[in-house]
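Engineer: Here is how the chains run, residue by residue.
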Amino acid sequence: MRFFSLIIIGFLIAPFFAYSELNTYGTYYNNLAVARRDGQWQYFDLNLFYLKMRKPSNNDFKLESNLSFSLLTQPGVDSREEFDIQRLNFETNIADVHLTLGRFLPQYHYTNFFQPLNVFLGPEFFRGAIIYKGIDGLLLRKFFTPMTSLEYVCSPEAEFSSSSHLLNLTSHLGSFDYSIIGLYEGENETFMPGFGFKGDLGIALFNETLFEIEESDSFNITSSTGFDYSFSNFMIMFEYLYNGGERYQSPREGLSLTGTHYLFLNSFHFVPMGRTIGCSAVINLDDESSLLSAYYENEVLHGVHFLTGIYFPVSGEETDEFSSGTIGSFILNCYLKAKF
Amino acid sequence: MKKFLLIFFFLLCHVFARGAELTGKQILEKTEDNVYAETMVYSGEFTINKGDRTFVKTFKGWSVGDRKAFVEFTNREDIGVRYLKIEDELWIAEESDVIKISGHLLKRSIMGSDFSFEDMMESNKLSELYEVNLAGEEEIGGEICYMLELESDKEDAPYAKQKIWVGKNDFLPYKYEYYALSGRLMKSAEVLEVRKIDNKNYPVKVKMIDELRKGSSTVFELKDLKLNVKIPEKIFSRQNLLE
Numbered sequence: 478m479r480f481f482s483l484i485i486i487g488f489l490i491a492p493f494f495a496y497s498e499l500n501t502y503g504t505y506y507n508n509l510a511v512a513r514r515d516g517q518w519q520y521f522d523l524n525l526f527y528l529k530m531r532k533p534s535n536n537d538f539k540l541e542s543n544l545s546f547s548l549l550t551q552p553g554v555d556s557r558e559e560f561d562i563q564r565l566n567f568e569t570n571i572a573d574v575h576l577t578l579g580r581f582l583p584q585y586h587y588t589n590f591f592q593p594l595n596v597f598l599g600p601e602f603f604r605g606a607i608i609y610k611g612i613d614g615l616l617l618r619k620f621f622t623p624m625t626s627l628e629y630v631c632s633p634e635a636e637f638s639s640s641s642h643l644l645n646l647t648s649h650l651g652s653f654d655y656s657i658i659g660l661y662e663g664e665n666e667t668f669m670p671g672f673g674f675k676g677d678l679g680i681a682l683f684n685e686t687l688f689e690i691e692e693s694d695s696f697n698i699t700s701s702t703g704f705d706y707s708f709s710n711f712m713i714m715f716e717y718l719y720n721g722g723e724r725y726q727s728p729r730e731g732l733s734l735t736g737t738h739y740l741f742l743n744s745f746h747f748v749p750m751g752r753t754i755g756c757s758a759v760i761n762l763d764d765e766s767s768l769l770s771a772y773y774e775n776e777v778l779h780g781v782h783f784l785t786g787i788y789f790p791v792s793g794e795e796t797d798e799f800s801s802g803t804i805g806s807f808i809l810n811c812y813l814k815a816k817f
Numbered sequence: 002m003k004k005f006l007l008i009f010f011f012l013l014c015h016v017f018a019r020g021a022e023l024t025g026k027q028i029l030e031k032t033e034d035n036v037y038a039e040t041m042v043y044s045g046e047f048t049i050n051k052g053d054r055t056f057v058k059t060f061k062g063w064s065v066g067d068r069k070a071f072v073e074f075t076n077r078e079d080i081g082v083r084y085l086k087i088e089d090e091l092w093i094a095e096e097s098d099v100i101k102i103s104g105h106l107l108k109r110s111i112m113g114s115d116f117s118f119e120d121m122m123e124s125n126k127l128s129e130l131y132e133v134n135l136a137g138e139e140e141i142g143g144e145i146c147y148m149l150e151l152e153s154d155k156e157d158a159p160y161a162k163q164k165i166w167v168g169k170n171d172f173l174p175y176k177y178e179y180y181a182l183s184g185r186l187m188k189s190a191e192v193l194e195v196r197k198i199d200n201k202n203y204p205v206k207v208k209m210i211d212e213l214r215k216g217s218s219t220v221f222e223l224k225d226l227k228l229n230v231k232i233p234e235k236i237f238s239r240q241n242l243l244e
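Protein sequence lines correspond, in order, to chains C and R. Residue numbers in the first sequence follow our numbering, run continuously in steps of one, and reach 817 at the last position. Residue numbers in the second sequence follow our numbering, run continuously in steps of one, and reach 244 at the last position.
If we strip away everything but chain C, and leave its shape as in the complex, we get:
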């Protein structure tokens, strides 16, 4: 609690250290989803607010504060109202080493849909929307060459032996970006080495793989791999997830990833005026349930993006992951993102 209070104070006073010019800007997201389930209408409304205060950086000094929080409202039978703080941190440079302190979201992003490294973040799925709750701790990053960095992330616990630690070496070779990571979760005494890459060989190839090695010598692999390819104004993407570990399971309904083998297919078409029309499918290969979606995205105003999509199950028994019994007969999802 004391640690958290310090972070809040740090966030609030950080701008005062940036005596001169200070930029404040942010993003507001609203995600409204309506589902038809068991003959009843259900909806939830997710609001995300992200605020960044930044002293314009120069080569020697940088100072930023970040705050983002979410408010989820779901009325009805399963009503809930949840408030979460995703980010509350400040970032600076000390002797060419980047430091982030507070609650933050480590960014790892090679695969498009399934991201095994999110085990560290614990994403929460809410019917078509994903909330990432940040971790409390510190991040140190040092660059050794223009494209090679070593990152250390620590999420401390009251008892230090229960803390989590992450080392991430990121570099570039040929046309490939790659990372080699080592995550240690003190609480479960689990070591998770892994790697990820993304490169271009005419088609874009990407992979993320995470191994779980526990004290009891149990050994699991979670790996997501795929490619994307474009022609004219069309793009197709294919991604396969082998979900060997049990950690990458969300407690929420829809995309709970209870299976072992998944396929994700996506295709979209860039239409005039920067708009995108697409359709995608997620298939749980174990229970053979699947979810189809069609979506449309447009920048409706300067800095304001609107996305709407419809999701509906096309196969699966009542209790399967993507069946109508689990997620409803359809979900209509509207998403608005406004920068200010």
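Hints in this document: simulated from the structure, not taken from any laboratory. There are no misleading hints in this set.
Simulated restraints, written as ranges between beta carbons of each label pair:
#1 GLU558(C) with ASP225(R): 46 to 52 Å
#2 ASP561(C) with GLU119(R): 37 to 43 Å
#3 PHE526(C) with GLU212(R): 39 to 45 Å
#4 VAL791(C) with ARG214(R): 30 to 36 Å
Backbone N, C-alpha and C fix where the C-beta goes; we use that ideal spot for every residue, glycine too.
Use these hints to put chain R onto chain C, whose structure you have.
Structural biologist: Below, chain R alone, put in the same frame as chain C:
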């Protein structure tokens, strides 16, 4: 003897004059050399016209030849959006997340403009990618221009066919047309302003029109341009993307 010398001089001039007739490839090479700068530091803006809507996006940029570039957007809605190009690879940073742009993403437009990543990414010289043919001469905006037709079947050529109009006097490009393999005109670009910088004429304002989208055009303008200045190597790094 005097008469002989005159005839000899006339013949010599004629031979040199014929030798001075440039091929399409030579004209293109001369144009590329003409607009090439060892380094550039600039600020500018994209004015994006989408039907009756207009968006303005401002940016700062640094580049080394056509090999390295770093661009940071400075308008309020896009603060924190940065692009890094090294040779033929491209990364984008947004909200502390770095994504390598490859495959399908290269086809997408930059910040909703009529320029695609591929348009801006071109590292190889056109004269190395395309077969060049001098198709004639035309007047563009009062300037007598060579009209060059470029064709390529190479995969890394962003368009199957291009036409470029190059000023006969200054070897600057004044107009471009970009065609698909089918021969369909996809985009066209026109140089709107040429400015003298360090005793060198440089195109600083270009209008790109997407011919497949009615009412869609983007004016790319360099407001402040410095040529051949020293740029720290750190600018072209993943570190700078994350800063």
